[in-house]
Structure formats: structure tokens, C-alpha cells
Amino acid sequence: MDKKLGLKHHPLLTFFGSMNLAITLLVMLAVASVIGTVLKQNEAYASYVIKFGPFWFEVFRTLELYDVYSAIWFLSVLAFLLLSISACVWRNGAHFIRDMFSYQEHTHPSQLKKMKLSAHWETNSGVDAIVYEAQNAIKANGFRIKAEQKAEGQLLAAKKGSMHRLGYFFTHIAIIIICLGALLDSNIKFKVQAWLGHVAPETRSIALTDVDPRANIGVDNFSFRGSVNIPEGKSADVVFLTFKEGYLVQKLPFQVKVVDFRVEHYDTGMPKSFESDIILSAPELKEPIKTTISVNKPLIYKDYAIYQSSFGDGGSQLTLKAWPLVSTTPNPSELQGEVNRSIPVNTPVGDYKIELDDYKPNNVITLAEPDANGRKVKNLGPSIQFKVRDSQGQAVEYENYLAAIERGGILYQASKFRHSRAEDFDFLMIPLDDQKSTKRFMNFLALVNDRNILDKVLDSSINQEKDPTKHEQLVTQKRFMQQLINLFRARGFDGIHRYIQQAMPTDKQDKAFDQYLEILTVALQGVYLHTLEAEGLRSEKETTEAQRRFFADSVEAINALSAYGPPMFFEVTSIEPRESSGLQITKSPGKDVVYFGSLLLVIGIFLLFYVRPQRIWLLARPTPEGYSELILAGKDGKDDKQLKTTFDDIKQALLLATPPLQETAHGNNQSV
Amino acid sequence: MATTNQSNPLMQSMLSPRGLTWIIAIIAISVFTWFRFGSIMDTFEIGILIGATIGLIGAGFLWQSIQTLFAFVLMMALIGIASYAKHGDVYSANETAFFLKFLFSSQSAFMWMNVLFVLSMLTYFFALWKNSEFSGRVATSLTWSAVAFGLAGMGVRWRESYLINPDYGHIPVSNLYEVFILFVIITAVLYLYYEQKIRNRSLGGFAMAVISAAVGFILWYTFGREASVIQPLVPALKSYWMKIHVPANFVGYGTFALAAMVAVPYLWRNKIEQSGNSTSPWLTRLPTLEVMEDVMYKAIAFGFAFFTIATILGAMWAAEAWGGYWSWDPKETWALIVWLNYAAWLHFRMSKGWGGARMAWWALGGLLVTTFAFLGVNMFLSGLHSYGTL
Ligand code: HEM
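The listed protein sequences correspond, in order, to chains A and B. Each residue of the first sequence is one higher than the last, beginning at 1 in the working numbering. Each residue of the second sequence is one higher than the last, beginning at 673 in the working numbering.
Hints should not be assumed to be uniformly reliable.
Stated by the list, open to error - Residues on chain B that point at chain A, a partial pick, calculated with CB under 8 Å:
#, residue
1, D714
2, V906
3, P1002
4, W1006
5, L1008
6, A1015
To be verified - Not close to chain A: a few residues of chain B, all C-beta gaps over 12 Å, as computed:
#, residue
7, T693
8, I695
9, L741
10, F770
11, L791
12, L1018
Keep in mind the hints are simulated off the structure, nothing from the lab. Backbone N, C-alpha and C define an ideal beta-carbon position, used for all residues, glycine too.
Produce the entire structure from the sequences given, and follow the hints as far as they go.
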């Protein structure tokens, strides 16, 4: 006993069990957590360098701020907190348990009189009668009583709410249990193994068979959380765990096949549900498990849980029509491709590679104003994302929408493009003809591409001019127009602007630009009419309003083409979507431990807050004068207000049953 | 003598005519609900229904005013729902039908709630300034009415989500707009509880101040961002956990906000007392320091318990939706920070016996932490909780 007491007061235990240390640790944890939320965790190191510069990048890296929650110092704070709580429970434990079971019957009469809730008086009734009445009154309020004959007199010691103390144990032990459970599920074991050199992450994206053997984790691993993308129709028996700057490959004791992945949509185009039909087969299973998992509905198999966590393209099959943008003949060629693969394309103006990155079945955008149905979102329909890379390795990024997009009553084929990730996307909007196809635009474009188109368009009327000087004039004019068209096709309005800036004095530039535009427009109109004629659409000189809109839009589109990049426009003619389902697979034996700890924690907190540890004492003894003295006292943890009503009740009952002699009622609680 | 002691007051009130009516009414309503919707409810929803029934009956006895409030809310919400039914159950009826347009469509009800809360703040402060018992009573009624409108609006909004499209239907606790409304209602109800308990209305203005600030946010969010439009749920939110996790969380936030607002008059009174001016009229109007300290402690203790449960429920939900019970996602982490903050507060008070101005300042500062956790995180930090993607 003595030795134990000595241990309890050991300076180390006092230090760890001290409230100051505990609170310091709590605050440290909170501050560390703040850092972890403000500084985005686990991003690529390169992006941190850009954000903080090389110096601070290095400082933050040394402090392990890019992965705070598994930093050594963070885990040490946690470990210290656990030590602190354990020391605290150890230090207070015995005392609290004793207190729980004790009736505190050794309390001295003078102590009783000093308590905040206390009353005493002398009465005619005998000690036995007092004790009898008091027992009734105290019991009626739900107390348990221990009666004892003491040297000072007959004592009743009563208590209620001893479970309060249990609350202390429950809450604090619960925290320890929760932390231990979380530790079971953490990647500490890999960190230790990595430190010992048994485990090393793989950083390259390569075929499974080539992965560094030290990155392969066997099925005997008792806890992990990893993910894997499985295309429809394919299966997998590993998951990937992110670890440090790379990943580890965790082998599974079963195989999961994704039969079908489905996204359901609301009428707004927002996703409504994600689900996968999967088949799980394992050697120990006679029948494979066929089931459907979805968000919030995982499959639990033995200690493993399989979640629907993301989705992506699993190699959709595309047929593309490639329109040549610089050719004078509008004949597209046909290409076959698959998402996540690239297609080589050889053209007269160079060799290219088309990297098909993604097929998105839906593109939901948020509108500034809700539409007539009160909806603020709109679905632009499917799109493909791809890059076109030239032989030097330069790439332009594209996103083409499959469905026509309507703007102000006109339909367009839309394509977004940008030359580097730092830029915003530009738009190419190709107007669609009466057949809702790009054909008329492509015909028009092919004519504009013809560097001598005006010969074809204008020569018949120029040749009708018999006056030689006038004829000469018309030919010069034609040549100038042709130059303008060629410049416009190559460099857009911007090119014409720049040409004027170089060739003319500043004060004449604006006027010249307007004139040039006018001439260009007249020339292009001629070409456009030619296009319409070729379609057999125009017999007389009149054009319709729609045809004029189409012309303006086409000119705008040709202008955009000057920055569009590679000389092809891709239209999707058919698509066979194939999705891949992103599964997360976990084995977390710590989960139940954590849940058990949480349950303890909740029970503990309610016991601490809502069970009051209350005590009542009654001491009755004969006085030398032949009367009896009665002392009643009560105590409620650190807060006696709660007990006051009960105490007054009991006192009132006793005052009636064993009335005081004149003027002998005293107490610290005078509100009778 | 002993017999009167034995008759438990709770038992007495349960067996009174009013008490019995309450029990029978609530059971009747849930039986009706079960007959009407039982076929489409899953086990968990039936569990929630049973839990809600028992909880509501219990709450009605622990605090009788809940019974009256419930009756009013039920009546208002039913008028709203019936008006929709009368106009062919189309959502656009909220612009034509009288009761909907002016009173009980969710939008109108929330606007009434907003206005009444601001009015109640002004009236509470007026009552404190003029020491007017009558104005105080008016302020209390305004607050109760605001709460009734808010709750009725929530009920009607729940129905509206089904009217717009049965696919959209969900309990309105799914986005920042909806939980803000929940927040002001819960905070106000908690305040009203303590007001009755301490029999003093002088704290009302302070409590309504934080509510009015939230009302300001709701108004900006409604008109500036069109946030009141009812949106369907993203898949991750389609979970029965949401129905209990979110309200439990907001009981926590509400009590923490309330404790912070009690800290203000506490510090004020503390200052007056320290300046030695014992004739200040405020000393007779404000509750004693002891009472205010007690309210602060009780509120934080109550909130802490709920916040703990809410966080645990959140972890269980995360385990099911994201495959891990704890991911150090910013929202989760901030919940932990709030929790640690109040755990430290409670320890200082319980074990070190700290009290007075220090703890009041801390409770007030806690409001900043709490606000960041439920507003700042959504605005400034992105993570799983922002539901940008699956
Ligand atoms: C995350 C960690 C912790 C949590 C959540 C926690 C929670 C609690 C709660 C809720 C209470 C009740 C306060 C009240 O009744 O108002 C409490 C009391 C207490 N805690 Fe902790 N605690 C933690 C860590 C610690 C540590 C590290 C120590 C040891 C230094 C400690 C020592 C105590 C003591 C002595 C009491 C008073 C018990 C009593 O008087 O009945 N706690 N704790």
C-alpha cells in the first residue's frame, strides 16, 4: 500500500497526470489540426515548391507539414496525450473507486455542520424515532443508506449517483481505446517497415508484374485502405495503397469483377446514384457472391469492405470524323480510338498523335439565374477530352461537345481548346446548317482555304468588263482581296490588325482597319454565296436572315481557327461507352475497437454530466438535557445547488415529524 | 408526509389530462405516419420514427412548452401542406395560393421567421433598457413565433422537395442554407429553455443577436446566391445517418453559440461589479454572475455531449460512404478542433476550478472556432464535405 502510494506520487507520474500537461497537449493537437486543414495535405511536391518557394518548401518539408497527421511529432503528441490520460486514470483511479463505494460514514459532526447544505436542531423525539423518520424521507428521494452506530451517535450515511465516477473512467479509458483502435488501422507499421527497409513505395506507373517487390504487400496484412479502378468486364485482385511519394500494391485473397457500372441522373443531369454490379470470387467460396454496391451501400465480406468510391472511363470506343482544316477539299477521314489510348495520324502537314483522355457522358453547368423550373443547373451533354501532340511533343488540349449547343436560337458544334494548362479555354463555335451538320461550314472553309478562290468566284464577272483600264482595276482589286482572305485565314482579324500597325502611320490605322474589314467581308460574302450556290440553295441574289447569321458565325469561327492549333477538327460519329468503377477496399480491424470506445465515451459523458454524485448524512444523538440533537447535511459534487430542493424536502419532512424545540433550528441553509 | 414525497412530479404530469393527451396525440401521429408511409420506410427509418416518438414524448414532459410549440407547428405545417394539396400539389402554387404565398410556403415561413427573430432581438433589448416586463413578454412571444414559423417552414419544405420531383425528396438538412435555418431554430429553442429556467429575460437580446447575425447570412444567401432553391441530393448524402448526424451537430453548435452570447452580459456585469458601482440599475436587471456562469456551463456541457454523439455518427457515416471512419478531411478535423476546445474548457472548469471572466472570454472565443467549423470550412477549405465530386 505504501509502495503504491509512493508510486502514485512519483514525479514522472505527477507530471504526466497533470491537468496542465493534458490541456497543453489538447491545444497542441488542435493547432496541428488547424495547420493540416489550412495547408492542403499530400499534394505533389512540385506544387508546394511553386506555392512557397524553395526555401520555405524545404522548411515545411522538414517539419513534415505536407502530411501533418502522420508526422512523427504529431504522433508523439498523440502518444503523450495517451500517456497523460493513462497516468491521470492511474492517479485518480483508486481514489475514485473508493469514493464510489464509500458512504463516507467517517465524516465528523463538526464537518457536517460546516457544509453548505446543513441544518441541525434539538427535538423531543427519541433518536430511534428520528432515525426511522429520516430513513423514510431519505429513501423516498432515491438514496441508498448505510446506518451505523458511532461514538457520536446514530449515523445515517446516504448516497446516490455513484455512477458519476464511473463516467470519469468511461470517458478517459474510451479515449485511450479509440486511439489504440485508430493506431491499428494506421499505416504506422509500413512506416516502421519502410524505415527497416522491408517496404518501399513504387513511384512509376508500370505494369503490375514490374513493380518493385518491396512494394508488394501480402494478403496477411491485417489492415489497409486502398483503391483500384476496374473497367467494366474486367477484374482485379489487388488494391493500391498510397504511401509516401508512391504506392504499394496490396494483394487480396479474392477477386472482384465489375460486370456493369451505372450512373443514374436526376432530370437536371446531376448524378443521382453510382452503382456497380460486382462478382466476388474466392477459393473458399463455392458460389461467387453476386451483388450490387453503391455509395453508402458497401459489400462486407469477412473482414473486408468494398465501397463504391469513384468512377472514370474504362476505355470507351470512339469513332471519329477528322475534318482537314487547311485542305481545299472538304473530305473527312474516319478514325477508330479508345479512351486512355492514343491514335497516330499522319497528314500532309505533319504527323500527330491524338491522346484520348476522357469521355464524359454529362457536363452539368451552374446557371447564373434559375430557369423556368427553378433549376440552376443545365446539362450540356457528353463530351470528349483529348490532346493533339505534334512530332516535337507540343500538345494542345481540347474538349469537344458531342451534342449541338444552342445559343440565341442557333445551333453550334462547340470545342474548347487551350495551349497550356495555365491558360483559360478558348471556344470554337461552328454553326450548324439546316441539316444540323457541320457540312456547309466545312464546304465554306474549304473554299476559303483555296488560295486562288477569287479567280473562281469573280473571274466570270471580271471578264465581262470590256474596258481594259477598268478590267485592270478589277483584277488588282481581286488580288488585294485574295491577299486579305489569305491573311485572314492564316492569322485571323488579329493578323490584319498587326499588318496595318506595321504598314501605316498611327493616325490612319483605325480607319484603315475598318476599310479592310469591309473589303474582306465583301470578298468572303462572295465566297459564301458561291458555297450556297454549290449547295443549290440560291438562285437569285437574295439571302435569308438565317443565312446571313450563318455567314457571320462562320467568319467568327474561321477567325478562331487561326489559334486552334493542329489542322484537324474531330467530330464524334459513334461512341460505345465503357466505364470503370473506382472501388475502395478496406480491412480495418480497428473500426470496431473505435466504435466500442465511442460508445463508452458517450455513456461516460452522460454519466459525468447528468448523474449527480449526491450525499446526505443524518446524525442523531441524545443530549445531556434528555432531548435529542439532529444534524442533517448534504453534498453534491462541486455544485450544491442541484441538491438543494431535495435537501429542503427531507429537512421539511423531518421538521414536521420531529419538530424542533423552540429556537433550536440552525443551519447554513436558512430558507425553511 | 412521506407519501407526498414519493409522488414523483414527472409521473404526476404524465398522468394529468394534458399529459395523457400529449402521449396519445404523439402516438397517434406516429401510427398514422406508419400507416401512411410504412410501406416505403426501411428498418432504419422505422427505428428513427420510434426513436422520434419516444424522444418527443419525453421532451414534452421535461419541458411542457414543447407541447404547445408542437401543436402550433403541426397546425401551420398542415395548413401549408393542405394548401398545396388543394392546388393540385404543384410547387408553383406557392406563388398563387393565399396561405402559401403569404404564410406557410417554406419561403414565406422562413421570411416570417427571419423578421420575427430580428424584431425579438430589438424588443428584448428595449425591454432590458426600459426594464419593461411587458416588452419582455412580447419579445418572448416573438421568439416562440419565429421558432414556430421556422419549424413549420422546414416541414413544408420537406413536402415541397417531393412536389418539385419525387426524386428530389429529402429532409431539409442537406445543405448550408437548410442547416443555417436549423441552427437559428435550435439556438432559439435552447435559449427559450434557459430563459424559463432562470426566470429572467435580460439575456434574450444577446442570444437573439447571434441569431440575427445568422438571419443576415440567410438573407444574403437567399437573395445574393439563390441558395434557397431546392436541389436534389448528391449520392453521398443519401443516407439515414444524415438525418441524425446533422441535427445532433447543430444542437452542439447552437449551445456553443448560446454560451458565447451569455458570456457577453457576464463580462459586462463583471465589469460593473469590479468597478464597485453597486447602484448600477443593470445589476438588478441582469442575472447574477453565478446564474450566468451556470447557464454557460450547462449549455456547453449539453452541447459537448451532443457534439460528441454527432461526431461519432459522422464517423460511422463516413465509414459507410467513403470507406473510412476518419480521413482528416477539413470538416472532420475542425469538428475535432471544436471538440478539443470545449474539452479543454470543461477541464479547466471542473478540475482546476477556473471561473470568472477568463472562462467567459474563452466561451466567447469558442464562438469563433465554432463559426469557422461550420461556415468557414465550407467557404475557405475544400474537401470531401464540399460534395463537388462523388
Ligand atoms: C481528449 C481528451 C479528454 C477528453 C475528451 C476528456 C473529457 C472529459 C470530460 C467531458 C470531463 C467531464 C467534465 C465535467 O464534468 O464538466 C472530464 C473530466 C475530467 N478529466 Fe478529462 N478528458 C480528456 C483528457 C483528460 C486528461 C489527459 C486528464 C488527465 C490529466 C483528464 C482528467 C480529468 C479529470 C481529473 C476530470 C474530473 C473528473 C471529476 O471530477 O469527476 N482528462 N474529462
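Original post:
Taking each numbered hint in turn, which are not upheld by the structure, reported in ascending numerical order?
Top reply: Per hint list: 1 and 12 violated.
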